[in-house]
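K.L.:
These protein sequences, in sequence, are chains A and B. Heads up, the first sequence is in the working numbering, so the first residue is 1 and it goes up one at a time. Heads up, the second sequence is in the working numbering, so the first residue is 424 and it goes up one at a time.
It is possible that some hints are incorrect.
[As the list claims (entries may be wrong)] The calculated lysine-lysine pairs, modelled on DSS-like cross-linking and capped at a C-alpha distance of 27 Å, are:
#	chain 1	residue 1	chain 2	residue 2
1	A	K389	A	K308
2	B	K571	A	K115
3	B	K552	B	K571
4	A	K115	A	K308
5	B	K567	B	K530
6	A	K313	A	K386
7	A	K382	A	K324
8	B	K436	A	K115
9	A	K116	A	K386
10	A	K116	B	K435
11	A	K258	A	K115
12	B	K471	B	K567
13	A	K116	B	K436
14	B	K435	A	K208
15	A	K208	B	K436
16	A	K258	A	K382
[To be verified] Sample of chain A residues with no beta-carbon within 10 Å of chain B, all distances over it, derived:
#	residue
17	G79
18	I82
19	E355
Bear in mind the hints are in silico, worked out from the structure with no lab data behind them. Quick caveat: nothing in here was measured; it's all calculated off a predicted structure. Note that CB positions come from ideal geometry on N, CA and C, so glycine has one too.
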Amino acid sequence: MENNKINRSVIVNFLLHLHPHAVNKQALKFSRTFGLGGINALLFVILAFTGILMRFSYVPTPDGAYNSIVSFQNNSLLGTLIRNIHHWSAMLMVVTSFLHLLRVFYSQSIFYRRKKTWYFGLILFVIVLVFNFTGYLLPWDQLSYWAVTIMTNIVEYLPFIGEGFANMIRGGETVNENTLLNFYTFHTALLPLLIVAFMMLHFWLIRKARGVTVANNNEQEMVHVYPELVSREIIAALSLTAFITLFAIFFDAPLLEKANPMVSPNPSKAPWYFMGIQELLIHVHPFIATVVVPLALIIFFVYIPKIKIDTEKVGTWFYSSKGKSIIVLSVVFSAFITLLLIFIFEYWLHLNQFEIPLFISTGIIPLFMFLLPFFGFLFYLKTSKKADKVELVISITTTIFTSYIVMSFVGIWFRGEGMHLIF
Amino acid sequence: MDKKIFRRSFIKKAILAVISLEAGYLISDIFKNKSVKKLNPDLFSAGKSNIFEKNKMYPFNSGKFYLSVFDDGGMLAISIKCTHLGCIVQPDSKGFLCPCHASAFDKRGEVLSPPATRALDIFPITIEKGEVMIDINSPIKRKKGFRKSQLTYV
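Construct the entire structure; sequences and hints are all you get.
P.N.:
See the structure below:
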C-alpha cells in the first residue's frame, strides 16, 4: 500500500508539473490558443499507441510490407480502424502543427523569453513532417512508392550534395528495400526518441515562460489549474478523440495496389504537404526551389523572434488593428500574384525556350517576377499604410504562407494527367 | 597552465563528440557510394547483336533501359528513369513520354518538352563476341544532350 501511494504521487506530481499551479484567467479562453499545442501532444499519444499496435504485425520488406498491412486490416481485431486512426491522426497533426505555428506567430507569442520555444517548435514541426513522410512509404503501395520517389528526386536537385544525400536516404539509386528499412527505422525508432526529447524541451520552456501568452497584460487575475484548466483540457481531448474515431470509422485510409517500380501512375505527386514545393519546381529552376527559397525561409524564421517589439504587444492577436488589415491585404495580394504567375508560366510564357542559361531564364527571372511586385507591395504598406517593422514582418510571413498554401491547393486539386492544369 | 575539465563541460563535449561521430559515419556514406560501384560493373546481356533491326526500340524492363537502334546501326541504351523526378517513361510515337509530369523525349532521349531539363541518361554498351552487353549500374549523365560519339556500333 505504501509503495502504491509513493508511485502514484510521483506520477501525479510529474503530470501536475506540466502545468503551473495557477494560470491567468485569460489563458482559459478557447480562442486564446484553440488548444492546438495540447491537440498536437494528444495526437502524438494516439499515434504512438496505434503505431505500436501496428508495429507488432508489420514486416519491413518490399515483399512483406503490403501484405502484412492487408492482413492486419483483415485479420486483426479492429485492424482497419486502428490503421485509419493512425493515418488520419498523422494527417491532422501536420495541419494542427501548422495552425499552432500560425497561432503563436499571429498572437505575437514568440518574442523575448519565448524565442527558444519558437525555435524548438520549428524543429518539432520539421520532425513532424519527416515523421509523416517516412510513414508515407511504409504501406508500400503505388501511392507511397511514387510519392517517395518524387520527393527523394527533389532532394537530388540540391547542388553538390544532392545526389549523395538522396542516395543515402534511399540506400541506393532508386527506392528499394534499403529505403523501406531506413524509413522504418526512422519512423519507429529514431524519430519517436527525437520528438519526445524536443517535446519535453518545448513544454519546459513554455512552463518557464509561465504558460501561454495573454492578450491583456494588465489583467492579472489567476485561477487554479485544477480544475479550471484541466477540466477544459479533458473536454478538448475527449472531443478530439471522439472526432478522430468517428472520422476513422467512416473514412478509410488509402491503400492502392502494391507498389510496382516499373509503372508510374499518372500523375505522380509528392505527399500533399510537400505539393507546394513540387508546384514551385514545375515553374522555377531547381536551385531556386530547393536551395534559395528554403534557405531564405530558414533565415527569416530564425530572425523573426529576435525583433524587439513593444512588450505590451506580446500576446496581442494580429499585433494591432492595422495588423489585421495588413494581413487581409497580404493574403489577397499573395493569392493573386501566385495564381497569376502560375497561369502566366502555364499558358503564355515558357521561360525555358529563351536562348539564355536556364538558371537565368527559369531561375532569376521568375524569382524577380514575384519579388518585384512584392517589394512594391511592401513599399506601399510602408509609405501609405505607415506600417512599422513588425507589421512588415507580419505581411512578409503572411505572403509566404498564402503563397505556399495556394501552390499546394493548385498542386493537390488542380493538376491532372501529365501535371497539366485542370478545372 | 593546466586546464580543469569540469563535469558539465565534459558531458557536453562527450555528447557532442558522439553526435559528430554518428553524423560523420552517416555522411561518409555520401562520398563512398560512387567508388564502390565502379569496381564491380554489372553487365546485362541484351542478346546477339544481329537480332536487332534498324530504326527500332527494344524495351528491357528488368535492366531498366530501352535499346534504341538507329538508321545507321548505331545503338543507344537509354534509361527509363525520367531526369525530372524519377518516374518511369513510356515509349510513344515521338520517343518517350513521362506519365508523371508530361516531360517528353525524342528517340535519342533528348528533351522535347519540359519540365525535364536534361536528356535521359544512357548506359555504356560493349559488344563482346557479338553479344550486346550493357553496364546497367553506371548511368551516364548527358549535360549537353546527344552526341554522335555516344552511339555504339557493332
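K.L.:
For each hint, tell me whether it holds in the structure or not.
P.N.:
For each hint, the structure was consulted:
| no. | hint | verdict |
| --- | --- | --- |
| 1 | A:K389 / A:K308 | holds, 10 Å |
| 2 | B:K571 / A:K115 | violated, 60 Å |
| 3 | B:K552 / B:K571 | holds, 24 Å |
| 4 | A:K115 / A:K308 | holds, 11 Å |
| 5 | B:K567 / B:K530 | holds, 16 Å |
| 6 | A:K313 / A:K386 | holds, 18 Å |
| 7 | A:K382 / A:K324 | holds, 15 Å |
| 8 | B:K436 / A:K115 | holds, 25 Å |
| 9 | A:K116 / A:K386 | violated, 30 Å |
| 10 | A:K116 / B:K435 | holds, 19 Å |
| 11 | A:K258 / A:K115 | violated, 45 Å |
| 12 | B:K471 / B:K567 | violated, 31 Å |
| 13 | A:K116 / B:K436 | holds, 22 Å |
| 14 | B:K435 / A:K208 | holds, 22 Å |
| 15 | A:K208 / B:K436 | holds, 26 Å |
| 16 | A:K258 / A:K382 | violated, 55 Å |
| 17 | G79 | holds, 32 Å |
| 18 | I82 | holds, 32 Å |
| 19 | E355 | holds, 15 Å |
Checked against the numbered hints given earlier, the structure breaks hints 2, 9, 11, 12, 16 and satisfies all the rest.
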